[in-house]
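Input sequences plus hints: build the corresponding full structure.
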Amino acid sequence: MFDLAKELWKYPRSITGDGVRLTLRRLKVLLPELQIHEIDSGTKVGDWTIPKEWNLTRARLWDPTGQIVCDTNSNNLHVVGYSSPFTGEVDLEELQPHLHSLPEMPTAIPYVTSYYEPRWGFCLAHEVRDKLPRGTYRVDIETRLSQGLLTYADLVVPGTMADEVLISTYVCHPAMANNELSGPVVASELASYVQALPERRFTYRFVFAPETIGAIAYIHLNRGHLQQRVRAGFNITCVGDDRAYSLLPTRNTNHRIDQVSRNVLRHLAGEFREYSWEERGSDERQYSAPLVDIPMVSLMRSKYWEFPEYHTSLDQLGTVVTPEGLQGGFEATRRCIDILEHDSIPTTLTIGEPMLSRRGLYASLGAGRFSTSPQQLLDVWSFCDGVTSALEIAERLGMSFFGVDELLQILRAHKIVHLEPKLFENSSH
Amino acid sequence: MFDLAKELWKYPRSITGDGVRLTLRRLKVLLPELQIHEIDSGTKVGDWTIPKEWNLTRARLWDPTGQIVCDTNSNNLHVVGYSSPFTGEVDLEELQPHLHSLPEMPTAIPYVTSYYEPRWGFCLAHEVRDKLPRGTYRVDIETRLSQGLLTYADLVVPGTMADEVLISTYVCHPAMANNELSGPVVASELASYVQALPERRFTYRFVFAPETIGAIAYIHLNRGHLQQRVRAGFNITCVGDDRAYSLLPTRNTNHRIDQVSRNVLRHLAGEFREYSWEERGSDERQYSAPLVDIPMVSLMRSKYWEFPEYHTSLDQLGTVVTPEGLQGGFEATRRCIDILEHDSIPTTLTIGEPMLSRRGLYASLGAGRFSTSPQQLLDVWSFCDGVTSALEIAERLGMSFFGVDELLQILRAHKIVHLEPKLFENSSH
Amino acid sequence: MFDLAKELWKYPRSITGDGVRLTLRRLKVLLPELQIHEIDSGTKVGDWTIPKEWNLTRARLWDPTGQIVCDTNSNNLHVVGYSSPFTGEVDLEELQPHLHSLPEMPTAIPYVTSYYEPRWGFCLAHEVRDKLPRGTYRVDIETRLSQGLLTYADLVVPGTMADEVLISTYVCHPAMANNELSGPVVASELASYVQALPERRFTYRFVFAPETIGAIAYIHLNRGHLQQRVRAGFNITCVGDDRAYSLLPTRNTNHRIDQVSRNVLRHLAGEFREYSWEERGSDERQYSAPLVDIPMVSLMRSKYWEFPEYHTSLDQLGTVVTPEGLQGGFEATRRCIDILEHDSIPTTLTIGEPMLSRRGLYASLGAGRFSTSPQQLLDVWSFCDGVTSALEIAERLGMSFFGVDELLQILRAHKIVHLEPKLFENSSH
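Line by line, the protein sequences give chains A, B and C.
Numbering follows the working numbering, with no gaps: position 367 of the first sequence is 367.
Here the working numbering = 1-based position in the second sequence + 429.
Here the working numbering = 1-based position in the third sequence + 858.
It should be emphasised that the hints constitute simulated quantities derived from the structure, not laboratory data.
Source: prediction; values computed, not measured.
It is possible that some hints are incorrect.
[What the hints assert, rightly or not] With beta-carbon atoms standing in for the labels, derived distance ranges: (1) Val29(A) to Glu849(B): 47 to 55 angstroms; (2) Asp40(A) to Gln805(B): 32 to 40 angstroms; (3) Lys415(A) to Ala1054(C): 44 to 52 angstroms; (4) Glu420(A) to His895(C): 35 to 43 angstroms; (5) Gln805(B) to Glu33(A): 37 to 45 angstroms; (6) Leu888(C) to Asn252(A): 56 to 64 angstroms; (7) Asn252(A) to Arg652(B): 40 to 48 angstroms; (8) Gly1244(C) to Thr478(B): 22 to 30 angstroms; (9) Thr65(A) to Glu835(B): 52 to 60 angstroms; (10) Lys415(A) to Gln805(B): 55 to 63 angstroms; (11) Val1245(C) to Glu199(A): 46 to 54 angstroms; (12) Gln195(A) to Arg788(B): 41 to 49 angstroms; (13) Leu888(C) to Ser427(A): 56 to 64 angstroms.
Backbone N, C-alpha and C define an ideal beta-carbon position, used for all residues, glycine too.
This is the structure:
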């Protein structure tokens, strides 16, 4: 995943244009079934309109001495996203309103966009801006904003059931690592993981699209299908650093997918921070919108807005995002998928407790003062009532789902319980 | 309100008699639609019987030197409420069982009544009683207890719907300010407020009656109508001092009217004290009685029983009850009425988030690090699912109802949401 | 109860054999209607098989000097329960694997059994074992393990309704006091108590059986009846010491029987320790097993596993179990029975508050500053809505059920309320 992220780093991603196209084509090499779609500028989608397509050739700024101040060849963040083209000379005073920097983070180039209002501009480190000499600056911003296309992709991995799990990420952020090369990279790995499963209970739908407008377009084009089939969703974002685990729950706050997520994070991470719905800021805003209503969670490492390098050039591969960070980000959602695939409703086959000793599951000499694993086996068994799910048993006993599932597999192997798959409510075959 | 209270101070209120009549007639000057009713002594109402009518001409006590000790012309509290008439001479030892004072509050005249057992008596400051010389006292209590009437009043302010909100207060307390001139005065102001509303969703029924027996009589005479129509009630009592806000919730403790009250008090007062049902002591005892079951709350300033001057002559206009205190008492219930009138169920008109920027509701330059009011607008919008009410959104977001309503009006004005009135369950047109 | 325990002390109880038979015959003297049943070794019951019957004649161990080390005539615990017979000479090294002691409790003989794997052995104090000299030991274990019977007993005390309350205890523990002579002794006392009631709402089923295998057999033989009729159960164990009160709740944790138990223990004991379902270790494991599903609680004094003398010879009558301890253990479940028998659903007969004063239930001089018992009477009355039970009123008001019931009896005597019996859900006549 880390190598893929390094490879994708250079593409000048935005909400439209060749940066998105190149990124999706590279992912299609890994995931040949990925379908790349395009939608015309000007198309009405929900309350929005697909904007013109923006492409960057190069943007540069020279100081009065002819020295380069900003050059997108060195960092894509140097140009305001969706900047208008501009070539000419301006003196420093005229230039200033077109410059963006962060006084409180003097070494960071900020990430600034202006999708829906035309303007040109550069972003740069505040310590550089502070030392700019008076005089005449040369500006050369070569961008094109024109009737074109918005590009996105999806990949459907079919399961036994028509019920779908949506896994969404976004491909519109240029050179930043945690927010957001980590999302597409981890989502790709999850797609490979799901494809490699020997069997799948559910159908998985992966969406790689620009944030907000891409999700809105996707919902607009697929609303009937999504509302009929999708039972839950994962938004994959900020999954690459190794400093924290975070959960953004559903609007409901206690949907089954929230319970799954909390069980995973509690036992994967020990500690994790749970945010409130009001702190949402990604595509759950669209997928969980009222009347769309897909229950969606984000299992993140350090959440957007909450880490110091957020939306600046300091959000780097290596310093912020690490191979371990990406692996943990992958694990969190991977385990949720495993729970959805393996959660069951167990029913006892014995009336009264099973006799563990004749199956070699209990020390035959009953001193009775200490009992650990047999007691736990019977704790799990005591809830095998044909109603309670393995996940619910895990939550009741303060155990990881996987610990409960392991014990249930022992009980099943010894013909003590029968397991039925636990599906979503309103599941359909 | 403060001036009205001063004017009503002098009438010798009790549960029957001219004190009540004069008080209600004065209120009818302000509220000409107020209907004054009378019911005969001896009428059976529920488990009770309307008592004889009691009227006080004057009650006086002279010490052995001929000096006045008690005179109802100086303070109505000097006579035991419903005292029998008595004229004669008694020595101090005989007099003592007829005197009532509070050793722990030596300057206060206590408020004592004996509605259902005939006795005569005086109330006086303990410091005065302590210095009474031995000798012969002259008593002249001129009262009449005779077959007569119990007087009460009501006022119905019709709304669009037949659903009623009951607002009840009591008019049986003589010269005391917070408990209870504040109630009738604030209830009158609420009646004027409701009458002046350009339109009303609900019908408002105001009842001014003596406490307990009056409420019981009112329920007895109107039970079918009350049970069919009244959805919620406010008991207006102890609403005049400026030292606290208090809530007595419904017996259910989590009826919609409790949620309305808590939202109001939390945002009006910051802090308020919530009492338990077991600490009730006013006419919710009748209106919320089992099988009557009107959900009723009291939004009070300092609750009866809980302030030091309670039921004594120290409960004065000016020292205890202030114009600001009355205004706050009015505001609390007024805001509850406003919530009932304006609560709505919003439904989004857009699929996916609305585009705020093209409506001028969002800064077009999205640096994304800080977002305050647009985020709050979208927080509210994210719950506009056609099920959740504005009040429920406010509670979920920790906001005042009025803050949410303001944002919903913006969203409605921009055609982003549609609002349906939120009614009570089982509402009827 | 203490005398009965002393009398039963000597019988060499195990899960089968004459020790159980003698114990049950002695109880039948007290409870002539007790039915003693037997079931053949080898019978399949649930997942289990009735084991061979085990009887102990005597077991002795002599040291190389001919001195007695262990003799079951002095303490039944000296032999491993279900020990195979063995006569012969072994040297100390060979003997050691057959000895059981507790290094951390050097004066205690541990209680060890080996029901389902044949082995022979002795249990002894660690301080004795430590000083055993090298040399040849003589072993004489006279036991018989043969095709025979498992013995248990039940007693049904019929009530007005077919609904049953199960009271279960176990009779398989040899010479130990709290765990478990206290259970059979207290259960017998409860049976006498229930038989002596002038009328019974419910039918009471008492079961005296060996733990685990006895309960499993009982369920196997009576499953249809138990599942159709039994509404709740009490497991009587560890009810003899005077150091604590403990509750093991149902698996559900909030069944009505849990509420009954908590109300009793809170007001009987002030403090009690509530354990979790995962800390269960007695016959609720069978009766509350999934698909059997009888809601069962244990109201204990010091819980099994939790007191230092547990499962050793230190668990003695007199030091651990006391007459006061047994009395408290009896009281706890006795009061639960009383609640089940007397819980009611009250409905007010008055519309609006009842007039207490004309019934002598209220001081007629209403100074209004202090009201205690009349207020409590009205608090209880205020919930008499024909839906809420006396127990629910008690829980809501933080009162003991018996306090509420006393007030309800006053209200009923004064024709203020009507009481309907509160039954279990799905009750059948």
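Against the structure, the hints come out as follows:
{"no.": "1", "hint": "Val29(A) to Glu849(B): 47 to 55 angstroms", "result": "holds, 52 angstroms"}
{"no.": "2", "hint": "Asp40(A) to Gln805(B): 32 to 40 angstroms", "result": "holds, 34 angstroms"}
{"no.": "3", "hint": "Lys415(A) to Ala1054(C): 44 to 52 angstroms", "result": "holds, 48 angstroms"}
{"no.": "4", "hint": "Glu420(A) to His895(C): 35 to 43 angstroms", "result": "holds, 38 angstroms"}
{"no.": "5", "hint": "Gln805(B) to Glu33(A): 37 to 45 angstroms", "result": "holds, 42 angstroms"}
{"no.": "6", "hint": "Leu888(C) to Asn252(A): 56 to 64 angstroms", "result": "holds, 59 angstroms"}
{"no.": "7", "hint": "Asn252(A) to Arg652(B): 40 to 48 angstroms", "result": "holds, 42 angstroms"}
{"no.": "8", "hint": "Gly1244(C) to Thr478(B): 22 to 30 angstroms", "result": "holds, 26 angstroms"}
{"no.": "9", "hint": "Thr65(A) to Glu835(B): 52 to 60 angstroms", "result": "holds, 54 angstroms"}
{"no.": "10", "hint": "Lys415(A) to Gln805(B): 55 to 63 angstroms", "result": "holds, 58 angstroms"}
{"no.": "11", "hint": "Val1245(C) to Glu199(A): 46 to 54 angstroms", "result": "holds, 51 angstroms"}
{"no.": "12", "hint": "Gln195(A) to Arg788(B): 41 to 49 angstroms", "result": "holds, 43 angstroms"}
{"no.": "13", "hint": "Leu888(C) to Ser427(A): 56 to 64 angstroms", "result": "holds, 58 angstroms"}
Going through the hint list in order, the structure satisfies each hint without exception.
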